[in-house]
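Take the sequences, apply the hints, and build the full model.
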Amino acid sequence: MRVVIAEDSVLLREGLTRLLTEAGHEVAAAEGDAEKFLRAVAAHTPDAVVVDVRMPPTFTDEGLRAALMVRDQWPDTGVLVLSQWVEERYATELISGRPHGVGYLLKDRVADVAEFLDALHRVATGGSALDPEVVAQLLARSRHPLGELTPREREVLALMAEGRSNSAIAAALVVGSGAVEKHINNIFTKLGLAPGDRDHRRVLAVLRYLGT
Amino acid sequence: MFLLCDLVSPRTWLAMISHLAGRFLGIAIMVVVVTGLSLGFSLLVLALTGLPILGLTLRAATWCAAAERARLSLMLGVQIPAWPAEARAGYRWGIVPRWRMLTERATWGELGYGLMRLPVSAIAVTLSVAAWAAGLVALTLPLYNSLLPSGGAKVGDFVLGGTPRMTASAVIGLLVLLAAPQLTRGLASADAALSRRLLGPRRDLAARVTELEISRERVVDAAETERRRIERDLHDGAQQRLVALAMDLGRAKARFADDLDAAAGLVDQAHAQAKEALVELRNLVRGVHPPVLTERGLDAALSGLAALCPVPVEVHVDVPVRPKSSVEAVGYFMVAEALTNVAKHSRASHAKVVVEGHGYPGTLTVMISDDGVGGADVHSPGLSGLADRVSGVDGRLSVESPSGGPTIIAAELPCG
Numbered sequence: 111m112r113v114v115i116a117e118d119s120v121l122l123r124e125g126l127t128r129l130l131t132e133a134g135h136e137v138a139a140a141e142g143d144a145e146k147f148l149r150a151v152a153a154h155t156p157d158a159v160v161v162d163v164r165m166p167p168t169f170t171d172e173g174l175r176a177a178l179m180v181r182d183q184w185p186d187t188g189v190l191v192l193s194q195w196v197e198e199r200y201a202t203e204l205i206s207g208r209p210h211g212v213g214y215l216l217k218d219r220v221a222d223v224a225e226f227l228d229a230l231h232r233v234a235t236g237g238s239a240l241d242p243e244v245v246a247q248l249l250a251r252s253r254h255p256l257g258e259l260t261p262r263e264r265e266v267l268a269l270m271a272e273g274r275s276n277s278a279i280a281a282a283l284v285v286g287s288g289a290v291e292k293h294i295n296n297i298f299t300k301l302g303l304a305p306g307d308r309d310h311r312r313v314l315a316v317l318r319y320l321g322t
Numbered sequence: 009m010f011l012l013c014d015l016v017s018p019r020t021w022l023a024m025i026s027h028l029a030g031r032f033l034g035i036a037i038m039v040v041v042v043t044g045l046s047l048g049f050s051l052l053v054l055a056l057t058g059l060p061i062l063g064l065t066l067r068a069a070t071w072c073a074a075a076e077r078a079r080l081s082l083m084l085g086v087q088i089p090a091w092p093a094e095a096r097a098g099y100r101w102g103i104v105p106r107w108r109m110l111t112e113r114a115t116w117g118e119l120g121y122g123l124m125r126l127p128v129s130a131i132a133v134t135l136s137v138a139a140w141a142a143g144l145v146a147l148t149l150p151l152y153n154s155l156l157p158s159g160g161a162k163v164g165d166f167v168l169g170g171t172p173r174m175t176a177s178a179v180i181g182l183l184v185l186l187a188a189p190q191l192t193r194g195l196a197s198a199d200a201a202l203s204r205r206l207l208g209p210r211r212d213l214a215a216r217v218t219e220l221e222i223s224r225e226r227v228v229d230a231a232e233t234e235r236r237r238i239e240r241d242l243h244d245g246a247q248q249r250l251v252a253l254a255m256d257l258g259r260a261k262a263r264f265a266d267d268l269d270a271a272a273g274l275v276d277q278a279h280a281q282a283k284e285a286l287v288e289l290r291n292l293v294r295g296v297h298p299p300v301l302t303e304r305g306l307d308a309a310l311s312g313l314a315a316l317c318p319v320p321v322e323v324h325v326d327v328p329v330r331p332k333s334s335v336e337a338v339g340y341f342m343v344a345e346a347l348t349n350v351a352k353h354s355r356a357s358h359a360k361v362v363v364e365g366h367g368y369p370g371t372l373t374v375m376i377s378d379d380g381v382g383g384a385d386v387h388s389p390g391l392s393g394l395a396d397r398v399s400g401v402d403g404r405l406s407v408e409s410p411s412g413g414p415t416i417i418a419a420e421l422p423c424g
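Quick note, the sequences are listed as chains A and B, same order.
First residue of the first sequence: 111, per the working numbering; consecutive thereafter.
First residue of the second sequence: 9, per the working numbering; consecutive thereafter.
It is worth saying that the hints were derived from the structure and are not from the lab.
Glycine included, C-beta positions come from ideal geometry on N, C-alpha and C.
Fair warning: there could be bad hints in the mix.
As the list claims (entries may be wrong) - Not everything, but these chain B residues come out facing chain A in the computed CB check (under 10 Å):
#1 Arg-290
#2 Arg-294
#3 Pro-298
#4 Val-300
#5 Gly-312
#6 Leu-316
#7 Cys-317
#8 Ala-351
#9 His-366
Said to hold, decoys possible - Quick list of the computed label-pair ranges, beta carbon to beta carbon:
#10 Ala-270(B) <-> Ala-221(A): 52 to 58 Å
#11 Asp-269(B) <-> Gly-257(A): 58 to 64 Å
#12 Val-287(B) <-> Arg-318(A): 27 to 33 Å
#13 Leu-121(A) <-> Gly-370(B): 42 to 48 Å
#14 Leu-121(A) <-> Ser-388(B): 38 to 44 Å
#15 Val-287(B) <-> Met-111(A): 44 to 50 Å
#16 Leu-129(A) <-> Leu-220(B): 28 to 34 Å
#17 Ser-119(A) <-> Pro-389(B): 44 to 50 Å
In structure tokens:
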């Protein structure tokens with residue numbers, strides 16, 4: 111898959127490039143600011159972009175704004191936003207209405223290479239990847255009571271909101287996929303949601319429910 | 009209609025009770041102040057035994073002032089702020105007044121108040137009671153006028169009688185009676201204004217400067233304490249982890265040649281150490297000043313804190329206009345500190361954070377409550393640091409935490 115990186119720290123930019131190249135991906139460009147990054151995206155139309163939230167000149171949310179532009183102008187390009195800290199509010203802005211091909215992760219997650227690559231793959235193929243910490247914030251601030259869910263169902267709900275597939279949820283909780291499906295059906299019934307057939311429709315329903 | 013309501017309104021009767029209470033308390037205060045001062049000054053000439061008596065008298069005047077502030081707040085709803093104890097010269101050995109007390113407005117204000125309480129209340133009681141009584145008497149006169157032994161009420165040598173005069177009397181009585189509550193309350197307002205002048209420090213610029221000096225000192229101290237805490241956290245947390253990580257990697261490097269399995273295990277361990285160091289650094293930064301607070305405001309920043317707390321936290325934020333950043337930071341820090349306490353000490357099963365902005369520039373109110381065991385110590389470093397920060401932006405902090413719970417920490421932060 112072809113990837114464009116926007117990251118102002120040289121150390122991380124080189125690290126990410128190496129990591130992706132070693133995993134067999136092509137890094138078409140790796141830029142240090144938002145403007146050059148957007149030009150590179152226009153030139154290469156990559157399968158996915160990896161963007162740091164804070165970049166020069168103001169080091170606030172340039173990266174996030176660049177990511178939103180890519181999401182709107184190149185709908186087929188997956189957008190994975192990395193940040194030193196994740197905030198539910200930024201996630202809400204990023205996802206608003208369309209959690210397809212969008213991801214938002216803590217920078218630390220890069221350290222777990224396999225999981226990071228899996229998240230990037232999900233995003234590039236139209237899925238989503240939300241950091242567990244963001245999901246925890248969303249659950250904490252949910253506009254609706256989640257009290258009726260059992261602890262296990264809450265776990266499944268959290269993993270679903272992260273954008274994981276049934277088999278990934280089953281693997282994470284060390285249960286069979288049948289059990290996961292049962293939990294998911296219970297969740298959708300208890301929350302009064304229409305069950306979605308496809309993974310990303312399901313994520314959309316869950317995130318909408320949680321108040322994004 | 010309003011005038012009729014005033015006759016039975018609690019405000020009217022509280023004002024009346026206040027006048028009566030002031031009259032009796034006034035006697036006590038006057039006795040204390042006059043006896044103390046005259047005894048103190050006369051013994052001053054004999055030997056220095058008078059000084060402690062004067063000190064005691066001044067202290068008593070301060071206590072009386074405190075009691076009176078409480079009474080005025082209770083009965084008239086008038087809040088008169090107390091002089092901050094730190095802003096006053098105080099006493100040597102706890103009893104001998106310092107010379108500087110003589111130049112303090114607070115000292116003279118309290119003594120003056122002690123002397124003025126009785127006459128002011130006495131006048132207020134006399135006028136109020138007279139108005140009520142005269143009104144009632146004149147209003148009801150037509151009912152019993154003919155029963156009077158003289159055959160009617162006497163004005164001088166003239167005996168009142170006849171329907172027109174009785175009607176006039178009733179009308180005048182009604183008017184006086186309707187005016188009586190206004191008089192009682194007006195006197196109470198005047199009393200409150202006078203008390204505020206004598207007991208209240210706010211208008212005094214010197215006292216305000218002293219207060220600011222003290223709060224600045226406390227803010228500097230709080231910042232210093234905070235810096236030390238950050239240093240300690242960095243040193244005990246992330247730094248130690250990085251040392252351990254470097255050590256594990258060093259050991260792994262040495263083993264690579266002969267024992268690949270052991271080396272792989274060490275690398276795993278180093279990997280875990282590095283990730284934990286990152287988590288610690290992130291949480292540390294979140295406790296100090298997270299970027300999202302600057303960029304998106306309190307509402308966005310508080311969800312991070314709530315999610316970090318092991319106890320379920322409900323967050324309600326309603327701040328239509330963003331306050332200035334120093335106020336936001338204090339509000340944020342307050343919630344951070346309070347939720348840390350909830351997690352550490354409260355044994356609560358549920359906590360609630362409510363942040364509201366009122367008016368513009370107005371005030372920001374922040375309240376954190378939990379259903380835990382209570383008994384929070386306001387002198388603990390965390391809570392006293394919080395009080396210092398709140399005073400740094402001229403806010404007011406209140407901590408209610410009876411043992412057995414619940415705990416409510418609230419602050420009002422002026423945004424202007």
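Now for the hints, and whether the structure bears them out:
1. Arg-290: Result: holds, 6 Å to nearest chain A Cβ.
2. Arg-294: At 7 Å from the nearest chain A Cβ, Arg-294(B) passes the 10 Å test, so the hint holds.
3. Pro-298: holds (6 Å)
4. Val-300: holds (4 Å)
5. Gly-312: Holds, because the Cβ-Cβ distance from Gly-312(B) to chain A comes to roughly 6 Å (cut-off 10 Å).
6. Leu-316: The hint holds - Leu-316(B) has a Cβ within 10 Å of chain A, the shortest such distance being about 8 Å.
7. Cys-317: holds (8 Å)
8. Ala-351: violated (13 Å)
9. His-366: Constraint on His-366(B) not satisfied, violated at 23 Å.
10. Ala-270(B) <-> Ala-221(A): 52 to 58 Å: Violated: the Cβ-Cβ distance is about 22 Å, outside 52 to 58 Å.
11. Asp-269(B) <-> Gly-257(A): 58 to 64 Å: violated (48 Å)
12. Val-287(B) <-> Arg-318(A): 27 to 33 Å: Holds: the Cβ-Cβ distance is about 30 Å, inside 27 to 33 Å.
13. Leu-121(A) <-> Gly-370(B): 42 to 48 Å: holds (46 Å)
14. Leu-121(A) <-> Ser-388(B): 38 to 44 Å: holds (41 Å)
15. Val-287(B) <-> Met-111(A): 44 to 50 Å: violated (30 Å)
16. Leu-129(A) <-> Leu-220(B): 28 to 34 Å: Violated - the Cβ-Cβ distance for Leu-129(A) and Leu-220(B), about 55 Å, lies outside 28 to 34 Å.
17. Ser-119(A) <-> Pro-389(B): 44 to 50 Å: Because 36 Å falls outside the window, the suggested range is violated.
Figure legend: structure checked against the earlier numbered hints; hints not met, in rising order: 8, 9, 10, 11, 15, 16 and 17.
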